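Residue strings, one per chain:
There are 4 protein chains.
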Amino acid sequence: MTGKTTWAIPEGYIPEGSTGPEPEMISHETVCILNTTDGDATVELTVYFTDREPAGPYEETVPAGRTKHVRFNDLEDPEEIPTGTPFASVVESDVPVVCQHTRLDSRQAENALLSTIAYPGTGESG
Amino acid sequence: MTGKTTWAIPEGYIPEGSTGPEPEMISHETVCILNTTDGDATVELTVYFTDREPAGPYEETVPAGRTKHVRFNDLEDPEEIPTGTPFASVVESDVPVVCQHTRLDSRQAENALLSTIAYPGTGESG
Amino acid sequence: MTGKTTWAIPEGYIPEGSTGPEPEMISHETVCILNTTDGDATVELTVYFTDREPAGPYEETVPAGRTKHVRFNDLEDPEEIPTGTPFASVVESDVPVVCQHTRLDSRQAENALLSTIAYPGTGESG
Amino acid sequence: MTGKTTWAIPEGYIPEGSTGPEPEMISHETVCILNTTDGDATVELTVYFTDREPAGPYEETVPAGRTKHVRFNDLEDPEEIPTGTPFASVVESDVPVVCQHTRLDSRQAENALLSTIAYPGTGESG
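Chains as they are written, first to last, in the working numbering: chain A, 1 to 126; chain B, 1001 to 1126; chain C, 2001 to 2126; chain D, 3001 to 3126.
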């Protein structure tokens, strides 16, 4: 299994409220990263906004043969992602990985879910 | 990160009603566009219907290093997109971008969400 | 804009009941086909099952510069698609098109939605 | 129609509870596999976790010209997939197939759905 070293997710939004038991039912925006290679992946996330400079990079490690489901809600360094604000993100990894974007929106009593495989770009930066 | 200059979204539908607080809970059909390049993107949207000529082009600008979440509900020039009507859309940009399609359907008390990365075509027109 | 002449949708399921006003809220499984070319598309759908021979082909026409949102619920010739039964489908077109799969599940009071761009295969038959 | 012999699904999660009639409304995580070739497909699923060695392979057969909707909930050999735990999966087949990932989350009274075509990798192992 091979993957790509660059992935884009144009849609991003952390809802401002939640209903249901925490933490599994808290509203969240997630990028799921799968590393099937024999080496650990050092991953950098950059977050893009509508009207300000991008945030990041946020650094994550996904060990060899492991998956990591990163919640944008939990990102803190170098800064938190604001809630209720549209954003987009790019994932760059030093080894090939595969990325999927999922949102659980639990602002209302019943939850809504969305998911899509991210867009596999090429590594040349724009 | 690179993208593509042409994207297609065969599914499109603006529901006719909404529940919940505006504007974040109003039913909407969105194309999220991410421009990671160093130059502003001039983007043209064309909207296709079942039984009439296509509408548009609708022109949007996505600045360098920014994302824009365009709501089909808000398009006005050259004409509004009718609600309750199936449509499809094509995005053409003068620089490579990445596009994702998302719908929030809030006609009923609890919302439904769908999302998918758009189809990255090639720039040759049909 | 170009597309592909062959598309696959491994997931298919027509729920057995609906709630809400017809026809827009009836549970449905849809393939949205976009034809941006200058010529009409003659499209053939083949439906695959778990434990019987495939059904079809079902023939549809998508005119030049138009979209068609085909509901599997409505297919009748050569046979109806059974409800409550897992299936998959392949779309073959004589001109390049783009396909997206969407389901509205309205068995319960609040609806659920899913959508994804179909998988663009190549035209060689299996 | 052709497919690929390797597919990745970075997102995976089996919710811990369900509401509604069984079995069609039980929460489930599914990979739908379509085999349009003339030969049976022998498929191996490997499941990746956050903090332990991968599980599997789980072996499935998808006959020629058939689809199989595999529920991760039902996998037993060599071990069950734990509920309430993030995972990812890779599908490897000896003939080209097409894979789609779908979840029905029925923990609450109204269900949520997500679906996406899986990521078509190449066969070289990492």
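Please keep in mind that the hints were generated in silico from the structure rather than gathered at the bench.
Every value quoted in this text rests on a predicted model; they were computed, and no experiment measured them.
All C-beta atoms in this analysis are idealised placements derived from N, C-alpha and C, irrespective of residue type, glycine included.
It is possible that part of the hints are untrue.
[Said to hold, decoys possible] Far from chain B by the CB rule (all over 10 Å, computed), these chain C residues: (1) 2049; (2) 2053; (3) 2059; (4) 2065; (5) 2082.
[As the list claims (entries may be wrong)] Chain A regions said to be covered by chain D (calculated; three or more residues, Cβ under 8 Å): (6) 1-11; (7) 59-67.
These are the hints, each one checked on the structure:
The beta carbon of residue 2049 of chain C sits about 25 Å from the closest Cβ of chain B, which is more than 10 Å, so the claim that it is off the interface holds. Listed as a non-interface residue, residue 2053 of chain C keeps its Cβ farther than 10 Å from every Cβ of chain B; the least gap is roughly 28 Å. The claim that residue 2059 of chain C lies off the interface holds: its Cβ sits roughly 17 Å from the closest Cβ of chain B, which is beyond the 10 Å cut-off. Not every CB of chain B lies more than 10 Å from the CB of residue 2065 of chain C, the least distance being 6 Å, so the non-interface label is violated.
With a minimum CB-CB distance of about 24 Å to chain B, residue 2082 of chain C clears the 10 Å threshold, and the non-interface call stands. Residues of the region 1-11 of chain A lying with their CB closer than 8 Å to a CB of chain D number 3, which satisfies the three-residue condition for coverage. Coverage of the region 59-67 of chain A by chain D holds. Counting CB-CB distances below 8 Å, 3 residues qualify, and the rule asks for three or more.
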